[in-house]
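Please dock the two separately framed chains into a single complex, following the hints provided.
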Amino acid sequence: MNVLVPLNNISHIDDYIEAGAKEFYIGFYDEAWWEKFGEYADINRLTGFKKDANPYSFEEVLEIIKQVKEKNVYIYVTFNASIYNQEQLDYLEGYMRRLKETNLDGVIVSCAELVEVAHKVGLNAVISTIAGIYNSDMTKFYRDLGAKRVILPRDLSTKEIEEIVTKCPDVEYEIFMMRNGCRFSDSSCLGFHRSEKPSICACIGNAGRDLQVKGKSFKEKHEIELNDIVYTQNFHNFTCGICSIYRFVKLGITAGKIVGRSDEWQNICEDIRLIKQNVEIAKQCQSEEEYLDKMIFPNGHEIMCKMGLSCYYPEIRF
Amino acid sequence: MQKERCISVCEIMEHIHNIEPQFEQMIKEINGMAGYTKCDRIYIGSSFCGQYFLHLSMKLMKELMAVCKKQNIKVTLVLPIFTEKNLQEGKDKLERLLTEFKTEIDEVTVNDYGMLLYVHEKYPYIGLNMGRLFMKDYREPRYEEYFNQVFKPRSFTNYLKELIKRYKVRYLEFDPTHKKIDFSEKPEEVQIGIYTPYAYMTVGQICQLGGISKSVDKKFRPNEPCMAECYKHRMRYFMGDDRVWRRIGRAIYFENKEVEIIGLNQVREIYAPLDWEV
Chain A
15 MNVLVPLNNI
25 SHIDDYIEAG
35 AKEFYIGFYD
45 EAWWEKFGEY
55 ADINRLTGFK
65 KDANPYSFEE
75 VLEIIKQVKE
85 KNVYIYVTFN
95 ASIYNQEQLD
105 YLEGYMRRLK
115 ETNLDGVIVS
125 CAELVEVAHK
135 VGLNAVISTI
145 AGIYNSDMTK
155 FYRDLGAKRV
165 ILPRDLSTKE
175 IEEIVTKCPD
185 VEYEIFMMRN
195 GCRFSDSSCL
205 GFHRSEKPSI
215 CACIGNAGRD
225 LQVKGKSFKE
235 KHEIELNDIV
245 YTQNFHNFTC
255 GICSIYRFVK
265 LGITAGKIVG
275 RSDEWQNICE
285 DIRLIKQNVE
295 IAKQCQSEEE
305 YLDKMIFPNG
315 HEIMCKMGLS
325 CYYPEIRF
Chain B
34 MQKERCISVC
44 EIMEHIHNIE
54 PQFEQMIKEI
64 NGMAGYTKCD
74 RIYIGSSFCG
84 QYFLHLSMKL
94 MKELMAVCKK
104 QNIKVTLVLP
114 IFTEKNLQEG
124 KDKLERLLTE
134 FKTEIDEVTV
144 NDYGMLLYVH
154 EKYPYIGLNM
164 GRLFMKDYRE
174 PRYEEYFNQV
184 FKPRSFTNYL
194 KELIKRYKVR
204 YLEFDPTHKK
214 IDFSEKPEEV
224 QIGIYTPYAY
234 MTVGQICQLG
244 GISKSVDKKF
254 RPNEPCMAEC
264 YKHRMRYFMG
274 DDRVWRRIGR
284 AIYFENKEVE
294 IIGLNQVREI
304 YAPLDWEV
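Protein chains in written order, with my numbering: chain A, 15 to 332; chain B, 34 to 311.
Think of the hints as simulated: they come from the structure by calculation, not from any bench. Nothing false has been slipped in among the hints.
Here are the in silico distance ranges between beta carbons for each label pair:
1) A/E303 - B/E37: 55 to 63 Å
2) B/T136 - A/S301: 50 to 58 Å
3) B/D125 - A/E304: 34 to 42 Å
Which residues of chain B face chain A? A partial, calculated answer using Cβ under 8 Å:
4) F115
5) D145
6) L166
7) D170
8) R172
9) E173
10) Y179
11) T190
12) N191
13) T235
14) V236
15) Q238
16) G244
17) S246
18) P255
19) H266
Note that CB positions come from ideal geometry on N, CA and C, so glycine has one too.
Only chain B is shown next, with the shape it has when bound in the complex (with noise of 0.2 Å):
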């Protein structure tokens, strides 16, 4: 199976900023992490968290963007589902990204249909995938027969199928969520992307780390802005399985680095590097 290379420091770009500084070395080690002696592509952004996104700092983005440009990465921008309040706020963001990084940044991915709808419209030439919020087959590893099956996605229904066609979607962004994922019935017109070695299992609105740095009765107030606290803190716990469970900004995520994937030509592995702490 071909294998496109990427690495993603979506939702922890400033937390490993601040572990590794230079973002050339941060690219090398992730690589390295990942077993890739170089990547293809990075992405940048958030699938979860509006504030996260609206906090992204262009003064790194230039300078991670300097370094994907002298060597030759290319860049998908993730973005998460804007609640209302931010709706505005973060196609503006996504503006001044696309505006400020046109040569670097080739390809958008979404989480909503409101958002593929606009992207589409507003920017026709940009790449547009569908990400892994859209995917939502349940994941388990605490039921073994459920998780230890081959997976079939079902995401594959003949309205995606359509959408596909209509958006011009060019990949499908999934999580591991099983041992074996069979991807042999995907769309033919669509390539398949899957992050890697952790599944996200759920997330929300409301962030707990968010509410740190806030009084009792002001904390846990869905999507309200925050001090970035995920740049500094994290948690995991123990569920009495051998699994890795961690807690990173707004998402709960278990580690899966078993996964093997069946059906497919051609893969994206998405390694995003959550295991990288201080």
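Excised from the complex, chain A in its bound form (with noise of 0.2 Å):
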């Protein structure tokens, strides 16, 4: 299982590579696209974030992928928004014809659309967990369009992704690995990703709440208020899928991916190695309890190991 990470600082690639990287994945902003569509059209999902999350031009992202495939490493360039028009796909097909032009390794696409748009050009698709690829149906539907890889949504059990693997075995599998948990579906949430004000799921977590609780019982009204605190207060608050390797490895999946575009870069180097260092233990063991035993813990493992709150596969330990 290769590590993919975040290329959001290219004067530490050499960093994130010696930390044991083996795969990139990166966005790019492009002035042109907000002239021609406007300020509330995304090129991928964390647009509207602006340079924070994507600090490179089209233009360097060309000159990065040169960079990164003379270090023999694979990269892929993300288009996932939630939804582009008929003109949007029009303009993005232009994109992908000059990425056609480097030695790019595929695409990060999230609808059927571009998974046209990248064959006609040439390039391969790999389908975004923003399509929600949930079932082993929309697996082989998207395979039979002529999905390279599939990144499974991060809010499926390992057990759900073990079959899905096993009913349709002819295309690659990302996983989510490290960072970011999310309280909703990426394939479902539409909510804008800007700077301006706070994501839907942190706005809900700070918002005003009536939990209608009026005239419950004081054991049912205690577990509604405790349940509201440990979902806002508690869960997800980092996530983690270390515990889960040994099965991802033994699956065969092709990548378990970092996220979080705007992180500090050491702290993506410590995921990497952490992973790197897991992946190695996980190949040595007979078993998962073996592996659970010799397994290395995430920094601040003793806060956030708790109650599987912050797990994207809490099934594996609890």
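In structure tokens:
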């Protein structure tokens, strides 16, 4: 299982690779896109964060791809906004044609429309988690369209991932491994990701609320209120999937993804090393129990690793 | 503009059945809330939750279908996205419902490509709609400039037009995402349905309400079997604006009663009484 990381700081590319990164993903901004389609049209799901999340222009990304390929690692470019209209799809084809002239390994796309565009241009299509591939029928649909790889949603259990991979073995799979969780589905969360206001999930967490407990017994009220406290204050503040590595290595998952395009490079490097070391440990282990005994825990595990609340895949231990 | 009047009890059938156990009266009351004298169609099932769909009670369904038959109300069955562990169960339940109520259910709304292909192949005689989860335009009432524009949905791509022809899709179903929505670019072959008075903004496989009866270490697992807590519990949020925000089941909705639809001669309005509370 390769470690896949966001490439948001090109000056540290060698640090990432030295730490063990084998694959990168990168997005870009383009002033011409905003001029043509307006402020609220996204190229990728983090376009709204402007240069904080996509610090490089398209022209710069073309150069970065060349540099990365010289270092013999994989690189993918993201086109995973929730939706595009036909005019935008046609415009995106222009970017893809220029990307085809590089040695890019593929484009990460969010919709069936863009799989067709990628194919037309001759690029490999990786299906983003924004497409929401929750079952084997959907996987087969995208496979038949020509997908090379499918990124499975972070709100799927390891058992379901195993079933999908077993039923549809002829594509590559990527899973979420480190940093940010999400209380909703990437595919169906349709609020903005922009810097002016917090995302809807954060807003809800901080909003005033009526839990509608009037007239309920103390016990019922207590359960509802405690549940809300745990959900808003303790659930997925940071998210990690390290305990699942043995299962994913045995399953032949191609890549484990670190998210957090705006995060500090030192933290990303730390995560890369952690995953890489644990993948090596998993390869040496004869059973999951052995792996769970020998694996290295993330920093901060004294708080994080409690009650499964920071786990992508809590079923491994809880 | 010609209006087809529909009501939706998706996600809330059991909740409102607790309030009004007589379906005949329930339909009458919802019609009253919607401003209809009579509805042409009722939506049942779920757009958002596989567990809700699997829990659908055949007993309640029979009662509801009997009323629909008597009042000559057509029925649309809405299917959520099933995650892998429920995919077969979901298909089995679909088969049971379509067999048991074959004269009442004349339409199915799907919310993912896998189910679009499956229903088209297995039940070629049934009307097929593409549901609200296909229509992924951002909706953000918190950003006034974005919300107040005359919005043209982005979904009408060449690819969608091909799908509509290939799978004989009859309706595309939307949420009231903006103040004014212009559907003038919709493909000719298809009609538009629009939910009212709430738009869903976000949803996921993780259910806050489903965690209520679970121990802390088992809370908030994606698409886990639950005790159908959503039949009894719901939440309201106060976001510092004048809008009503609700959590019903797994989804977060905002109210948008004033949405104006332009560019259509005919629309299917799907009124969901999400305000109806105990």
